[in-house]
Amino acid sequence: MLKFLKQVSDYAKDSFQAAKYIGQGLAVTFDHMGRRPVTVQYPYEKLIPSERYRGRIHFEFDKCISCEVCVRVCPINLPVVDWEFNKEQKKKKLNHYSIDFGVCIFCGNCVEYCPTNCLSMTEEYELSAYDRHELNYDNVALGRLPEKVTLDPMVQPMRELAYLPKGVTDPHDLPKGSQRAGRRPEDILEEIEAEKAKRETASAESEKN
Amino acid sequence: MGTVLVRNLHILSVDMESGIDLQGSVIQILGGFGVPAGLAKVIWMPVPMLLMLVAATVGVLVTVWLERKISAAAQQRVGPELAGPLGTLQPVADGLKLLFKEDIIPTRADPWLFTIGPAIVVIPVFLSYLIVPFGQNLVITDLSIGAFLWIALSSITPIGLLMSGYSSNNKYALIGGLRAAAQSISYEIPLALSVLAIVLMSNSLSTIDIVNQQADYGILSWNLWRQPVGFVIFWVAALAETERLPFDLPEAEEELVAGYQTEYTGMKFALFYLGSYVNLVLSALLVSVFYLGGWSLPIPVETLTQWLGVDEFSPVVQVITGSLGITMVLLKTYLFVFLAVLLRWTTPRVRIDQLLNLGWKFLLPVSLANLLITAALKLAFPVAFGG
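So the protein lines, in turn, are chains A and B. Residue numbering for the first sequence follows numbering that gives the first Met the number 0, beginning at 0 and increasing consecutively. Residue numbering for the second sequence follows numbering that gives the first Met the number 0, beginning at 0 and increasing consecutively.
These aren't lab readings, by the way, just hints derived from the structure by calculation. All residues carry an ideal CB built from backbone N, CA and C; glycine is no exception. Errors might be hidden in some of the hints.
Stated by the list, open to error - Below, a sample of chain A positions facing chain B; criterion: calculated Cβ distance under 8 Å:
#, residue
1, L25
2, T28
3, R34
4, T38
5, V39
6, Q40
7, I64
What the hints assert, rightly or not - Covered by chain A, according to a simulated footprint, are these stretches of chain B (three or more residues, beta-carbon under 8 Å):
#, stretch
8, 74-83
9, 343-354
As the list claims (entries may be wrong) - Derived BS3-like pairs (lysine-lysine); straight-line CA-CA distance at most 27 Å:
#, chain 1, residue 1, chain 2, residue 2
10, A, K147, A, K45
11, A, K62, A, K89
12, A, K12, A, K2
13, A, K45, A, K175
14, A, K62, A, K45
15, B, K360, A, K12
16, A, K5, B, K360
17, A, K90, A, K62
18, A, K19, B, K360
19, A, K62, A, K92
20, A, K91, A, K62
21, A, K2, B, K360
Please model the complete structure; the sequences and the hints are all you need to start from.
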């Protein structure tokens, strides 16, 4: 009898505990309802891509020396470099260059290894097309500059989380001129250079003595 | 026994004069134009039915919008906001889209059962609105077996689900239909038992009487305080009956695509969609009727009119209290709709064995015990428990 009563009381305790946990869960969900939406309302608001964003690749035709390094470092030998050897100048002459962005994985190896820096990454990511062959960009299309999100009058540019001031998680209604948390790269560079100059003067002085 | 009779008679005599009698006034007005009373009644009859159909449909539109907006808020999204102000026309747009879609019957499906299935699911739900009261006389029929009618009608739905699941020629649909039937059958019993406890306390199956029984002392006399266990069981079982999220395994998309709805498109799918939301609103309405005193205000109307020093039976006050009553019912109902949506984003889906365990091994014995305790309390304290 006692054992049975214990079972009953344990069961009741378990049920109340379950109800308590559901209640706590409801409180969490309810709390979230008061918070501001975190979503970016895409066609009207867009995130500003970060400095190192790996978007559509930009190509400068005149800088290219047709060395085909980009083809060799590409995981799938994607760039098509169409050149012919100019016998008078003893130089390769580039005719066409194309990258198919329907196949590209935007790893950035070609940009990394290009000896003349004629390849670069842009912040363009809106690459949708009705036909996949439209994504095969030739050197003219590759040479177009991307449109900046911040310059589009139809778009409200939003900063990404890493570019918000310390403790702020919402990119809406930021005060003007607010800077991101931590030190900026140019500040760090300045500091390093100042330290280097100081060390050099110190070593020069020690040599003098 | 004698006192009970006298009390009931007293309630009856009050009922005779209280509340707005739309039917009576319409018959009277038509009688003024020389229309005989019988014909006037026939003219009047379809009006409340059509009104209720429209009200139920509009209620669904509101609920769909609320569900989408509340879900969005709970997930820190914005939700629909482009169709109409604040996205209020989004459910209308959804409905129109479904209306214009092609009606597909899969090959080797049973076309008859496939077509009848959704209708059998939807019709009983709409029929159940017959007994939902919004005021003393603001109800289509004050059936003396109202609560029983609802329980009877709600057990027709799983037949429709089973039919559509079986006729779809699709294994997911079949499993979904079977699950829906199993779930409905096992949760109907605790639901009926908790309603029975209410019925025991109010000595009537009529929804009007059930509300009147709770109206004496305002918020203090609501059944919620006398039937807390029954209230929780009723709500859990109602969620299971309407296949809302902790219990939505008949249409669990991760395992069953969409359950019995998998093969449906266009208007037939719209019927399922409509049916599930009408059922949700109906369950919320009945929770507010059975446990939260229906149209009665937190402070009784008599007390309020006494404080304000106005005549309770003057026409203006009658209209005001009538519309206040409707507002109260809708407020309580949508509170529960809100709770259902919140629960949807809080609780994970239960497994089928957990579902049946909860139904048969927990809710059923607890609701039986609740019924027995209610009966005992009724015998012991007839004053507080409606002897």
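These are the hints, each one checked on the structure:
With its C-beta approaching chain B no nearer than about 5 Å, A/L25 sits inside the 8 Å limit, and its interface hint holds. Of the supplied interface hints, the one on A/T28 holds, with its beta-carbon coming within about 5 Å of a beta-carbon of chain B, less than 8 Å. A least Cβ separation of about 5 Å between A/R34 and chain B falls short of the 8 Å threshold, and the interface hint therefore holds. Annotation: A/T38 was flagged as interfacial toward chain B, and the flag holds, the nearest CB pair being 5 Å apart, inside 8 Å.
A least Cβ separation of about 10 Å between A/V39 and chain B goes past the 8 Å threshold, and the interface hint is therefore violated. The beta carbon of A/Q40 is positioned within 8 Å of a beta carbon in chain B (closest approach about 7 Å), and the interface hint is therefore held. The beta carbon of A/I64 is not positioned within 8 Å of any beta carbon in chain B (closest approach about 50 Å), and the interface hint is therefore violated. Coverage of the stretch 74-83 of chain B by chain A holds in this model, with 4 residues showing a Cβ closer than 8 Å to a Cβ of that chain against a need of three.
Counting residues of the stretch 343-354 of chain B whose C-beta sits closer than 8 Å to any C-beta of chain A gives 3, which meets the bar of three, so the coverage hint holds. About 11 Å separates the Cα atoms of A/K147 and A/K45, which keeps this hinted pair within 27 Å; it holds. A threshold of 27 Å between alpha carbons decides the hint, and for A/K62 with A/K89 the separation of about 17 Å falls inside it, so the pair holds. Using a Cα cut-off of 27 Å, the hinted pair A/K12 and A/K2 holds, with the two alpha carbons roughly 15 Å apart.
Proximity of A/K45 to A/K175 is assessed by CA-CA distance (about 18 Å); at most 27 Å being required, the pair is judged to hold. Restraint check for A/K62 and A/K45: the C-alpha separation of about 32 Å exceeds 27 Å, so the hint is violated. Restraint check: the Cα-Cα separation between B/K360 and A/K12 comes to about 16 Å, which is no more than 27 Å; the hinted pair holds. Of the supplied pair hints, the one linking A/K5 and B/K360 holds, its CA atoms being roughly 18 Å apart against a limit of 27 Å.
Straight-line distance between C-alpha atoms of A/K90 and A/K62 comes to about 13 Å, which keeps the hinted pair within the 27 Å bound. Our distance criterion of 27 Å between C-alpha atoms is met by A/K19 and B/K360, whose separation comes to about 20 Å. The suggested pairing of A/K62 with A/K92 holds, with an alpha-carbon distance near 11 Å, which does not exceed 27 Å. Between the alpha carbons of A/K91 and A/K62 the distance comes to roughly 12 Å, so the proposed pair stays at or under 27 Å and holds.
Annotation: proposed proximity of A/K2 to B/K360 holds, straight-line Cα distance about 19 Å (limit 27 Å).
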